[in-house]
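With these hints in hand, go ahead and build the complete structure from the sequences.
Those protein sequences? They're chains C and D, same order as listed.
Under this note's numbering, read the first sequence as residues 1 to 342, first letter to last.
Under this note's numbering, read the second sequence as residues 1 to 342, first letter to last.
Please note: incorrect hints may appear among the correct ones.
Identical copies look the same in the list; a pair holds intra-copy or inter-copy alike.
Using 25 Å as the maximum straight-line C-alpha spacing, the simulated DSS-like pairs for lysine-lysine come out as follows [claimed, not checked]: (1) Lys139 with Lys98; (2) Lys271 with Lys81; (3) Lys271 with Lys261; (4) Lys190 with Lys82; (5) Lys126 with Lys290; (6) Lys75 with Lys190; (7) Lys196 with Lys75; (8) Lys30 with Lys98; (9) Lys75 with Lys126; (10) Lys271 with Lys139; (11) Lys190 with Lys126; (12) Lys126 with Lys196; (13) Lys138 with Lys270; (14) Lys81 with Lys126; (15) Lys290 with Lys98; (16) Lys138 with Lys246; (17) Lys139 with Lys261; (18) Lys246 with Lys139; (19) Lys81 with Lys190; (20) Lys138 with Lys261.
Hint data in this document are derived by calculation from the structure and do not stem from the laboratory.
There are 2 protein chains.
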Amino acid sequence: MARIALDAMGGDHAPQAPVAGALEALHELKGSHSIQLVGRRAAIEQQLDALKTSAEDRGHLEIVDAPDVVEMTDKPTDIRKKPNSSMMLGLRMQAEGKSDAFVSAGNTGAQMAGSMMALRLHAGLKRPAIATIFPTGKKSVVVMDSGANVDCSADELVQFARLGAVYAEDILGRSNPAVGLLSIGEEPEKGNTVTKEAHAMLAAARGTGINFLGNVEGRDLPAGTSHWGDLDVVVCDGFVGNVILKFYEAVAPLMIRLLVKEGVDEKTIKKALRSLDYSEHGGAPLLGVKGVSIICHGRSSPAAIKNAIKVAVRAVESRMNEHIGRRLEGAAAPAAAGGHGT
Amino acid sequence: MARIALDAMGGDHAPQAPVAGALEALHELKGSHSIQLVGRRAAIEQQLDALKTSAEDRGHLEIVDAPDVVEMTDKPTDIRKKPNSSMMLGLRMQAEGKSDAFVSAGNTGAQMAGSMMALRLHAGLKRPAIATIFPTGKKSVVVMDSGANVDCSADELVQFARLGAVYAEDILGRSNPAVGLLSIGEEPEKGNTVTKEAHAMLAAARGTGINFLGNVEGRDLPAGTSHWGDLDVVVCDGFVGNVILKFYEAVAPLMIRLLVKEGVDEKTIKKALRSLDYSEHGGAPLLGVKGVSIICHGRSSPAAIKNAIKVAVRAVESRMNEHIGRRLEGAAAPAAAGGHGT
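Listed below in structure tokens is the structure:
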């Protein structure tokens with residue numbers, strides 16, 4: 001039984017999409033979870049009425065009035081000036097034990113900053129990372145970091161491997177998740193300076209909770225498999241991760257356009273490529289904070305919000321946050337021996 | 001009238017694919033160009049016979065006997081030990097004024113090392129870069145670097161912009177090519193340290209032969225256009241470039257598989273996606289060396305070799321190498337003022 005705080009004001013289609021997504025989630029979720037709609041009460045009530053919300057659904061919904069809104073154009077640190085925004089209030093509820101998870105399609109930078117402020121980081125971490133589920137030709141793969149951190153150290157890439165492995169276990173149900181390091185060749189000596197250093201550290205960390213396969217290449221990501229076997233987690237810095245994710249998002253529409261031009265039926269195409277659709281895979285958790293904070297795409301549809309809420313529930317039920325804390329603690333000693341410089 | 005040296009022993013399908021590609025090129029090229037087939041004479045003769053080469057074609061072909069072969073598994077520096085390999089001989093012919101360009105589908109690292117040894121670099125450059133033509137939804141885009149350089153400095157990214165612009169002008173016929181810097185947001189302050197520094201330098205270099213648009217994102221690459229307008233050149237370091245290119249190569253086969261599974265006719269799909277096929281766009285020139293060295297994919301088909309030869313001819317005819325030299329010289333003064341640190 002999880003209590004999920006949802007930013008009703010976050011995203012390009014708020015409050016419509018979040019409120020509709022909350023209702024969809026209630027209908028699909030098993031067990032008596034509750035959703036806390038955080039935002040401007042009047043706007044939320046209006047949406048609930050417009051969607052003819054049943055009394056039963058209302059019993060699982062709580063409205064938490066938040067007069068302020070973090071805008072998509074605000075700077076990340078602007079969230080400090082908006083303590084009564086839906087985003088900051090929703091996160092604070094979790095810090096105060098009044099909620100178990102937070103979900104938002106709002107300003108990603110502000111959500112990161114607010115999550116760090118309200119929830120704080122696990123010991124040993126300097127920054128949180130964003131884990132994105134990447135649809136592939138085989139099982140889906142956790143790609144991290146996918147945009148929160150640029151200029152990563154080898155240390156940080158190793159932390160991403162640990163965080164991603166827990167996520168793959170708890171949310172995707174993978175046992176002993178296989179971790180690959182994104183590089184430009186399979187051999188340990190291929191890559192840039194940080195990647196080569198991370199390869200050595202990850203190889204040394206085998207057996208301390210990281211099932212490290214080796215270097216993987218760009219082609220292995222859509223395939224979901226590599227020279228070393230199938231992948232559960234792919235580690236890269238947030239610059240590379242962000243470029244690839246945005247690239248991937250744009251390739252499918254291009255191909256669809258070319259196929260339709262050639263006379264292929266659009267519905268058939270979309271059905272065929274449905275397994276590659278991000279929204280089917282829910283939001284991207286911000287890993288490293290002491291709590292659950294799920295980041296959704298600004299353009300999220302109700303279905304995407306629904307899936308993000310389901311990811312949040314799974315994170316709470318599987319006690320992902322505790323597992324991350326334990327994994328990082330357990331790793332502290334051997335990792336320090338492995339050459340931590342900071 | 002260009003003399004193109006072709007590595008007849010380079011690539012997974014050598015000598016068949018290179019020899020067949022040479023013949024295809026002769027049939028398509030206008031003007032009386034000649035192709036110098038460099039490799040083991042007997043193996044080449046056998047291929048020419050098998051392909052029933054006409055006397056007219058033979059008149060445009062020269063066989064240059066090279067007893068040695070650089071293997072795909074050789075280390076780049078191993079080429080030093082093989083001065084009589086098809087690769088090293090082909091490159092040396094150009095240095096000695098006996099040939100105008102070199103094309104190979106062999107070991108890429110060895111081709112880079114050999115090209116630097118035989119042809120040398122233009123003044124002011126520390127390393128050559130690989131320019132890849134990237135098929136998009138609009139015009140094709142030159143992506144550089146696409147794998148020759150990792151851990152690039154901002155300086156180097158600016159050089160890539162200059163090299164890529166000349167390539168887009170001379171080979172793709174673009175006037176005043178539009179250059180984008182690959183990053184994780186459009187704003188100048190988005191990106192990693194090197195990208196932000198490169199943005200400042202490129203902005204300062206506007207008007208010195210670089211039509212710099214601004215930062216572009218992963219999604220702009222398949223689209224061929226950005227917030228700032230259509231793209232001709234996209235600059236990134238070779239780590240990111242290599243990851244994206246390999247990723248792109250693998251996405252299409254995955255989508256084709258999903259579409260075929262859904263009952264879409266494979267021929268129709270391939271016809272629709274033909275414009276995204278790399279082999280249609282020829283090889284990738286190694287830019288920065290004083291000469292023409294075109295790198296082909298190891299798996300190159302005869303059609304891919306043919307297209308690479310056509311790129312080589314265009315590079316020779318347009319005097320691309322001279323233009324690069326002049327552009328780099330012209331830039332030396334203002335670029336130094338812009339903050340060169342090395």
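The hints, checked one at a time:
For a Cα distance limit of 25 Å, the shortest separation of Lys139 from Lys98 qualifies neither inside one copy, at 35 Å, nor across copies, at 54 Å. For the identical chains of this complex, Lys271 and Lys81 are neighbours neither inside a copy (45 Å) nor across copies (55 Å), given an alpha-carbon limit of 25 Å. In this assembly of identical chains, the alpha carbons of Lys271 and Lys261 lie at most 25 Å apart whether taken from the same copy (17 Å) or from different copies (11 Å). Taking the shortest Cα distances, Lys190 and Lys82 sit within 25 Å of each other only across copies (23 Å), while inside one copy they are farther apart (46 Å).
For a Cα distance limit of 25 Å, the shortest separation of Lys126 from Lys290 inside one copy, 13 Å, qualifies, whereas the shortest one across copies, 46 Å, does not. When the C-alpha separation of Lys75 and Lys190 is checked against a cutoff of 25 Å, the pair qualifies only between copies, where the shortest distance is 12 Å, while the shortest distance within a copy is 37 Å. For the identical chains of this complex, Lys196 and Lys75 are inter-copy neighbours only, at 18 Å across copies versus 34 Å inside a copy, given an alpha-carbon limit of 25 Å. Taking identical chains as interchangeable, the C-alpha atoms of Lys30 and Lys98 lie at most 25 Å apart only when both belong to the same chain, with a minimum of 21 Å there against 77 Å between chains.
Within a single copy, Lys75 and Lys126 get their C-alpha atoms as close as 20 Å, which meets the 25 Å cut-off; across copies the closest is 39 Å, which misses it. Taking the shortest Cα distances, Lys271 and Lys139 sit within 25 Å of each other inside one copy (18 Å), while across copies they are farther apart (29 Å). With identical chains, the CA atoms of Lys190 and Lys126 are at most 25 Å apart between copies only, with a shortest distance of 20 Å across copies and 27 Å within one. Taking the shortest alpha-carbon separations for Lys126 and Lys196, both the intra-copy value of 21 Å and the inter-copy value of 22 Å come in at or below 25 Å.
For a Cα distance limit of 25 Å, the shortest separation of Lys138 from Lys270 qualifies both inside one copy, at 18 Å, and across copies, at 22 Å. In this assembly of identical chains, Lys81 and Lys126 lie within 25 Å of each other by CA distance solely inside one copy; the values are 23 Å within and 48 Å between copies. Only within a single protomer do Lys290 and Lys98 lie at most 25 Å apart by alpha-carbon distance; the minimum there is 15 Å, versus 68 Å between protomers. Proximity of Lys138 and Lys246 under a CA criterion of 25 Å is satisfied in both settings, with 20 Å inside one chain copy and 18 Å between copies.
In this assembly of identical chains, Lys139 and Lys261 lie within 25 Å of each other by CA distance solely across copies; the values are 17 Å between and 31 Å within a copy. Proximity of Lys246 to Lys139 under the C-alpha cut-off of 25 Å is found in both arrangements, the shortest distances being 20 Å within a copy and 19 Å between copies. Proximity of Lys81 and Lys190 under a CA criterion of 25 Å is satisfied inter-copy only: 22 Å between copies versus 46 Å inside one chain copy. Taking the shortest alpha-carbon separations for Lys138 and Lys261, only the inter-copy value of 14 Å comes in at or below 25 Å, while the best intra-copy value is 29 Å.
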